[in-house]
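**Q** From just these sequences and the hints, can you work out the full model?
Protein sequences, first through last, are from chains A and B.
The first sequence: position 406 = 425 (the numbering used here), numbered continuously.
The second sequence: position 74 = 110 (the numbering used here), numbered continuously.
Calculated from the structure, these hints are not laboratory results.
Mixed in with the good hints there might be a few duds.
To be verified - List time: in silico DSSO-like cross-link candidates among lysine-lysine, alpha-carbon distance up to 27 Å:
1) A:Lys230 x A:Lys564
2) A:Lys126 x A:Lys164
3) A:Lys64 x B:Lys123
4) B:Lys196 x A:Lys566
5) A:Lys230 x B:Lys123
6) A:Lys54 x A:Lys537
7) A:Lys54 x A:Lys566
8) B:Lys196 x A:Lys280
9) A:Lys64 x A:Lys564
10) A:Lys413 x A:Lys370
11) B:Lys267 x B:Lys165
12) A:Lys396 x A:Lys413
13) A:Lys564 x A:Lys537
14) B:Lys105 x B:Lys123
15) B:Lys123 x A:Lys477
16) A:Lys164 x A:Lys122
17) A:Lys64 x A:Lys171
18) A:Lys171 x A:Lys122
19) B:Lys196 x A:Lys64
20) B:Lys196 x A:Lys537
21) A:Lys122 x A:Lys230
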Amino acid sequence: MKRKLSLLLVALLVMAFIFSGCSSSQEPQEEEPPKEIVTLRIGAKTEPDSTSPLIATLSAYDIIDNLVYDDLIEYDDDLNPVGSLAESWTVSDDGLEWTFVLKEGIKWFDGEDFTADDVVWTYNALVNGEFPQSVQLAGVTQAEKVDDYTVKVVTEAPKADMEAARVSILPEHIYSEYALEELNSFAEEFPVGTGPFEMVEWEPGQFIKFKANEDYFASAPQIDEIVYVFFANDDTLTQALTVGEVDAVTAVATTQIDTLKADENIEVIQALGRNFTQLGFNCWEAEESLGNPLVLDPAIRLATDWALDKEEIVAIALNGLGTPGTSLIPPSVGEWHWEPGEERHSYNPEKAREILENAGYTDTDGDGIREDSEGNKLDFRFAVISSYGEAYVKASAIIQKNLQDIGINTTITLMDGGAQSDLIYEENFDTDMFIWGWGTELDPSLKLSVLLTEQVGKRSDAFYSNEAYDALYQEQLVEVDREKRVEIVHEMQKIIYEEAPYVILYNKDSIEAYRTDKFEGWTRVPSEIGTTITQVNKSNFLSVKPK
Amino acid sequence: MNINYVLRKLFHSLITVLIVITINFFLFRIMPGDPFAMIAKAGNLSAEYKESLSALYGFDEAFHIQYLKYLRQLFSFDFGLSFKYRKPVLEVIGNRLVATLLLAFFAQIFAIVAGAVIGTISAAFRGRKIDVMALGFALLVYAIPAFWLGIVLVLFFSVKLGAFPLNGMVVAGMTHPTTWAYVMDVGRHLVLPVITMGMAIMGGYAIIMRGSLLDVFTEDYITTARAKGFKRRDIVIHHALPNALLPMVTVIAINMGFMISGAIQTETVFSWPGIGRLVYEALMARDYPVLQGAFLIISITVILANLIADILYGYLDPRIKYD
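**A** As structure tokens, this is what we get:
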């Protein structure tokens, strides 16, 4: 009997070795090269969803995009537009034709020349198809080849954010073999780009490896490899940095920040984040909306803004790693942000009660909850996503307490992100309030567009509608004069601030950390105040070098 | 052993697989949420684009046609296209399943050996201090959550001692000169996750082993052996143990299913690239094709484990006759 059992065990063991043999046979069996390879290891939490910019929607995809691909125009370290694949560019007097002169002598990883064909194919694919980056080229009619190194881009109306368009130029000689529909499911295993690093290995759930492109047209990288290592939890991610298994991390367990700061070989970066988290209201005016009609009254939403102790929300929900929020466009994107002056809605329950009183909401039956003139109670359903970590849940508890103080009752329902999407988009907006967040771009257009009437049922999650706001949006889209455009963008934020379809709760800081004992030359973008690893340009990956 | 018995068990398993496949198909078509929004990853879609996506995923066909197609695809090992990754599901699941099987297999071995040893010692010294200690230890580790134990092991062995790596399956990005170097690398990465996962189930095994042995001790042949003057050690190891192992087979088979799907805690602590994490991520992204494929594969693993246990049982214990 015992022998039978042990035979079985041996059989299973053999099976296990066959399994491990399977995986190992995929490994390249090369001899170790004599030269020491300098590898920068970066620990991150989320993995890209694809290698193709025509498929990927997760922001983690930027890991690949930033290293492998180039745009026509990129941002310099002070966030000013600067030519990347484009040598120079001009715009016609009527603002409808952009002419890009391309740099010559750039080669794709596979040795083909980079030419105008690549740019024309990429731009036209995005314009004619529907891909994640298509929104960057909103308003573009088509791209035309003038000669091998000149491209003309035609727009319907002047396009104010043309220089800010983030479009990864793809190799026409590879992509043009596919029809546009096929590109919904086609992704190169190892994308062919023009960038400073070439992707050479991806073990799903584990890591992505990049090799330096010695011939990168801007300047050769000073390290040989970058390996992004993916972690399933913050704690081990942070520990891995402490023990030196990785050289940098793009997230840190909040409880361990002080420990890291105390380590003399570790530098912790705390940068203003390009994001906001909002308390959103169901502003849908349509018949079929299942929201409580009372939240359609801006007075109630505005009172909420005055009632919230955002300092406490930041302290508790974010462990202090953020800034209380004000307007739609966060302070981290510079002059586009509008900061309320005297009209700032700072924590003031007294003022909030006053607004509600003046709007006719009083507590007549003495149960602590206000009613309107017809006796409808200010009693709202509050959807809170619990699957994005603890911040939303903690914030919702404070919001509930703050609102109770001014006579508004809320009933919190915890759910996962998908369930909340369903409530809003599938079930006729069957809730009154919710917490959600957005990442923001350096150009304000995309985030401003979220609250447009035309986005109701689409990108909008408040289903807000305001004609004046819509008109200003169209105006800023075509306003090529930057100063004037800034003014309009500020005006739009002011409307949202006073109408409060979103009450901006906070802007979350971006936390990164890196080791200083093995590498030097780390660059922050924007200089001094920005992040190092997660960047809008490639500066850090070109400047970082072994110590 | 009766060949009819094996065939009948095989037939039952096949029926079960077929039912699972059918439930799997319908379950994911009545799930909430607009599949297009999930596929397109955005709500903002033109009719044309919807059509092309619809064709890509075959939603434009009638229900029964979709079902038949689904069956046909399954038999050619085509599990469809992931919403999130836009890659064939089998490609997405492939290595993840291997990683989990590897982890689960060694965790089982660890748990079986440690559980049997502790259970045997406990039973042999029933009622004495050593029994109380062994049983107490078994119950304690049984009650410890895997993620907590995992973090503690990481802090001690990886951070303090630097003895074992703390994440992943291999050193990320490393090129292994030989297959042996690769196996060793995986082995080093396996130690802590295997202990974490093994501990959680070891306790249960120890308790069952102890109970089963105590039962066997009351059998006549043990009394006979004792009367013959065998040493106590011999009686326990040679007479009692082989018979007491039988109930373990059932428990281990049942546990196999749990091991594949329940590895998620261990996988999360150690960033092990297994199927538990994949299923969780797919659930959050509502990647129905991946979920569907993973559920099917997990179900088949469980059914297979049970089939093997059934057959093994009939083999190990000739008294058992099913007819």
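**Q** Now look at each hint and say whether the structure bears it out.
**A** To see whether the hints hold, each was checked on the structure:
no., hint, in the structure
1, A:Lys230 x A:Lys564, "14 Å, holds"
2, A:Lys126 x A:Lys164, "18 Å, holds"
3, A:Lys64 x B:Lys123, "21 Å, holds"
4, B:Lys196 x A:Lys566, "26 Å, holds"
5, A:Lys230 x B:Lys123, "24 Å, holds"
6, A:Lys54 x A:Lys537, "18 Å, holds"
7, A:Lys54 x A:Lys566, "17 Å, holds"
8, B:Lys196 x A:Lys280, "19 Å, holds"
9, A:Lys64 x A:Lys564, "24 Å, holds"
10, A:Lys413 x A:Lys370, "25 Å, holds"
11, B:Lys267 x B:Lys165, "22 Å, holds"
12, A:Lys396 x A:Lys413, "25 Å, holds"
13, A:Lys564 x A:Lys537, "9 Å, holds"
14, B:Lys105 x B:Lys123, "19 Å, holds"
15, B:Lys123 x A:Lys477, "26 Å, holds"
16, A:Lys164 x A:Lys122, "15 Å, holds"
17, A:Lys64 x A:Lys171, "40 Å, violated"
18, A:Lys171 x A:Lys122, "15 Å, holds"
19, B:Lys196 x A:Lys64, "23 Å, holds"
20, B:Lys196 x A:Lys537, "21 Å, holds"
21, A:Lys122 x A:Lys230, "23 Å, holds"
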